[in-house]
Amino acid sequence: MKARYSLFALLLAWYPASLLAQVTGTVQLGGHGTSEKDNPARAAEYSTTQSGPDAAVSLQYKADGFYLGLESLALSSDQQKHALTFELGRMVRSHTTFSKLPHRLVHDSLANLAGAIADVKIVYATDMDPAARYGIRYDELTNHTDIQLPQAPWLTISTDYREQWRQGHVQALSTSHCYSCHVVSVTRSLDLHTKDAGISAQASFGGWHVKATVSSRDAREREGAPTRTYERAQHPALRTPLFDDRVVFDERSGPLPYGWYPSQEKDTYRLAINNANVFGFSLALSVTSSELSNTHTGNEVDYDGISLALARKLSDKARLSAFIRSYSIDSTPYFYDSPEPAAVAGPYAGKTYRQRYGFDPDYLRLSALDRDVVEGTFKLSYKLGKLTTLTGQYQARQIDRTNYQVAPGETTTLENTFKLLFASRPAKGLQLRAGLTFADISHPFMALNAACNPDPLQPNSVPSPLAPGSVQYYQIHDARVADLTSSPSRFWEAKVSGAYQFAPGMQANLSYQWWDGENNDLDLTNWSKNVQGVTATLSLAPAERLQGYLGATYGRRETETFVCIPLMDG
-18 MKARYSLFAL LLAWYPASLL AQVTGTVQLG GHGTSEKDNP ARAAEYSTTQ SGPDAAVSLQ
42 YKADGFYLGL ESLALSSDQQ KHALTFELGR MVRSHTTFSK LPHRLVHDSL ANLAGAIADV
102 KIVYATDMDP AARYGIRYDE LTNHTDIQLP QAPWLTISTD YREQWRQGHV QALSTSHCYS
162 CHVVSVTRSL DLHTKDAGIS AQASFGGWHV KATVSSRDAR EREGAPTRTY ERAQHPALRT
222 PLFDDRVVFD ERSGPLPYGW YPSQEKDTYR LAINNANVFG FSLALSVTSS ELSNTHTGNE
282 VDYDGISLAL ARKLSDKARL SAFIRSYSID STPYFYDSPE PAAVAGPYAG KTYRQRYGFD
342 PDYLRLSALD RDVVEGTFKL SYKLGKLTTL TGQYQARQID RTNYQVAPGE TTTLENTFKL
402 LFASRPAKGL QLRAGLTFAD ISHPFMALNA ACNPDPLQPN SVPSPLAPGS VQYYQIHDAR
462 VADLTSSPSR FWEAKVSGAY QFAPGMQANL SYQWWDGENN DLDLTNWSKN VQGVTATLSL
522 APAERLQGYL GATYGRRETE TFVCIPLMDG
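Note that our numbering numbers the sequence shown so that position 315 is 296, with each residue one more than the last.
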């Protein structure tokens, strides 16, 4: 750090005195000390734990038609923030930032993964690097530049650039099955690099502003995935290869990669049209199209959307606004062709699982993400007084899922939400807010036939799950009849909050929230949840860089749902 300050002083001495006379700003030098105890990943997840000097610099240089500004804060080698701004007349405006910070990650000891029952069925874990400290170094570089030529003042060309690096080490877990549930933890190197680049052109004429933007993203993992040779799939008690016809991989497959971070590419195209006065309405129209692709698998996700925002002042006290949006998401279907090995032991030796039971393990994966959505929000605000406003809001949203049913034969969810909001400042330093919400949802998201078999599928015991006539897992899965959800078909919500500023830099806040929802559209049972919470905070800021907070929270949550626990031995 001393060398850095000496170099900075040398550069200042080199500049002509007339130039330095036009430089204004501040240079602050200081220091800090830290100490660690217990788990720094919890107390300083995104903060430096290094001790030493720090510096803050804020400099500005102005000349005829030129401006240069520098803002820099260096707390340590792993936590810094810098910004450089320059303007060349009215033609070029550029802003560049660079920041870095640490992200400490928790090391799971896996101490809970240890258990055994009769017949030597065990769960255990092995940590190959128990003393490792996991974390990521986060660096980000951004630049935004506007170019506006005097010959075409109505046109602005802008470029955006962003580069992000995430480098470090994380904990990677893998699990072997059948013979034992063996979880292995290893240290995985991480080197994620993301690059965004975009260019836009904005034209302004007659009150209209039209902006077209093209951007591209490239995200890649430059470290290879870890590999593991999984244990042989055997019966845990008999130590025999009875599962060969129903496993996809084990020791015989050799080292296999896991914990992939897929590389991705994304192209986005956007057109925005704005006008502050179209027959008394402010208008904002936006059209967006994007394509996201996984460069490893070739899978793609396409997004196409259009939105319209309108707002109008009806009177000195009333204002009306509306936002309408429609978008669709479409992804690549993926056919999974399952390996089908033959059994090498037992009564069905030499046959595949399909040959034994007629079960086809191959399937076409159709994404539940695919959907068409139409939504709108309409808001009317009215001033009851100079500092008091009452707002009514209605929101409707229809989600039509292409490949996922939320009720028998039904893929569409319709949401209707009504809100009433109150905001007031009845006295100096006092702010009051209140809100009431009611929502009615037709066919909310749920999992059809997700649990519960009404009748025993195999009331009589059999000597082995491999014996002829024994019930198989896919038959238990297909026999489920109960729908499950954690989404309400209707709910009420109330919020009340207040804030009072006792003095500059001293403020108290108090808030209360109540939420009550239910879903009576399930086939076998009902679902309900009630949530209440109170939060009180006191904030103090006696100086610009000195802040303190004191807070207390009380919460209560009650959920009623239906749970089925299958009892089986096999």
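Rather than coming from a laboratory, the hints here were simulated on the basis of the structure.
Please read all numbers here as calculations on a predicted model, not as lab measurements.
Using N, Cα and C, we set each Cβ at its ideal position, and we do this for glycine too.
Do not take every clue at face value.
[Unchecked claim] Capping the alpha-carbon separation at 27 angstroms, the derived lysine-lysine pairs in DSS-like fashion look like this: (1) K367 to K400; (2) K400 to K298; (3) K476 to K510; (4) K81 to K62; (5) K400 to K332; (6) K294 to K192; (7) K294 to K367; (8) K360 to K294; (9) K247 to K192; (10) K476 to K298; (11) K102 to K18; (12) K247 to K367; (13) K298 to K81; (14) K298 to K409; (15) K364 to K298; (16) K62 to K43; (17) K176 to K192; (18) K192 to K62; (19) K247 to K294; (20) K247 to K176; (21) K400 to K294; (22) K510 to K400; (23) K332 to K364; (24) K360 to K400; (25) K176 to K81; (26) K476 to K364; (27) K298 to K360; (28) K409 to K367; (29) K476 to K360; (30) K409 to K476; (31) K192 to K298; (32) K43 to K18.
[To be verified] Have a look at the derived ranges for each label pair, beta carbon to beta carbon: (33) L527 to E26: 18 to 28 angstroms; (34) T542 to T140: 25 to 35 angstroms; (35) W189 to A113: 54 to 64 angstroms.
Tested hints:
Simply put, K367 and K400 have alpha-carbon atoms about 22 angstroms apart, close enough for the 27 angstroms limit, and the pair holds. Of the pairs offered as hints, the one joining K400 and K298 holds, with about 19 angstroms between alpha carbons and a cut-off of 27 angstroms not exceeded. Taking the CA atoms of K476 and K510, the gap is about 17 angstroms. The hint holds against a cut of 27 angstroms. In summary, the hint linking K81 to K62 is supported, as the alpha carbons are separated by about 7 angstroms, within the 27 angstroms threshold.
Restraint check for K400 and K332: not satisfied, since their Cα atoms lie roughly 62 angstroms apart, outside the 27 angstroms limit. Using a Cα cut-off of 27 angstroms, the hinted pair K294 and K192 holds, with the two alpha carbons roughly 25 angstroms apart. With a C-alpha separation of about 16 angstroms, the suggested pairing of K294 with K367 holds against the 27 angstroms cut-off. For the hint linking K360 to K294, the alpha-carbon distance of about 12 angstroms falls within 27 angstroms, and the restraint holds.
A distance of roughly 20 angstroms separates the Cα atoms of K247 and K192; the hinted pair therefore holds under the 27 angstroms criterion. The suggested pairing of K476 with K298 holds, with an alpha-carbon distance near 24 angstroms, which does not exceed 27 angstroms. Of the pairs offered as hints, the one joining K102 and K18 is violated, with about 39 angstroms between alpha carbons and a cut-off of 27 angstroms exceeded. This hinted pair does not check out: K247 and K367 have alpha carbons roughly 48 angstroms apart, beyond 27 angstroms.
Between the alpha carbons of K298 and K81 the distance comes to roughly 47 angstroms, so the proposed pair goes past 27 angstroms and is violated. Between K298 and K409, the direct Cα distance comes to roughly 22 angstroms. Compliance with the 27 angstroms bound is thereby established for this hinted pair. Distance hint between K364 and K298 is fulfilled; the C-alpha atoms sit about 5 angstroms from each other, no more than 27 angstroms. For the hint linking K62 to K43, the alpha-carbon distance of about 23 angstroms falls within 27 angstroms, and the restraint holds.
Distance restraint check for K176 and K192: the Cα-Cα separation of roughly 23 angstroms lies within the 27 angstroms cut-off, and the hinted pair is therefore satisfied. For the hint pairing K192 with K62, the CA-to-CA distance comes to about 31 angstroms; that exceeds 27 angstroms, so the pair is violated. At roughly 39 angstroms between alpha-carbon atoms, K247 and K294 are farther apart than 27 angstroms, so this suggested pair is violated. For the hint linking K247 to K176, the alpha-carbon distance of about 10 angstroms falls within 27 angstroms, and the restraint holds.
Between K400 and K294 the CA atoms are separated by roughly 20 angstroms; this keeps the pair inside 27 angstroms, and the hint holds. As the CA atoms of K510 and K400 are separated by approximately 20 angstroms, the hinted pair is consistent with the 27 angstroms bound. Proposed proximity of K332 and K364 is contradicted: the alpha carbons are some 77 angstroms apart, above 27 angstroms. Among the hinted pairs, K360 with K400 is consistent with the structure: their alpha-carbon atoms are about 9 angstroms apart, no more than 27 angstroms.
For the proposed pair K176 and K81, the alpha carbon gap of about 16 angstroms is at most 27 angstroms, so the pair holds. In summary, the hint linking K476 to K364 is supported, as the alpha carbons are separated by about 20 angstroms, within the 27 angstroms threshold. Of the supplied pair hints, the one linking K298 and K360 holds, its CA atoms being roughly 14 angstroms apart against a limit of 27 angstroms. For the hint pairing K409 with K367, the CA-to-CA distance comes to about 13 angstroms; that is within 27 angstroms, so the pair holds.
With a CA separation close to 18 angstroms, the supplied pair K476 and K360 stays within the 27 angstroms bound. The suggested pairing of K409 with K476 holds, with an alpha-carbon distance near 22 angstroms, which does not exceed 27 angstroms. Only pairs whose Cα atoms come within 27 angstroms are accepted, and K192 paired with K298 is rejected, the gap being roughly 33 angstroms. For the given pair, K43 sits about 48 angstroms from K18 by alpha-carbon distance, which is inconsistent with the 27 angstroms threshold.
A C-beta distance of roughly 22 angstroms is found between L527 and E26, which places it inside the suggested range of 18 to 28 angstroms. One distance hint, 25 to 35 angstroms for the beta-carbon pair T542 and T140, is violated here, with the actual separation near 52 angstroms. As the Cβ distance of W189 to A113 is approximately 58 angstroms, the hint placing it in 54 to 64 angstroms holds.
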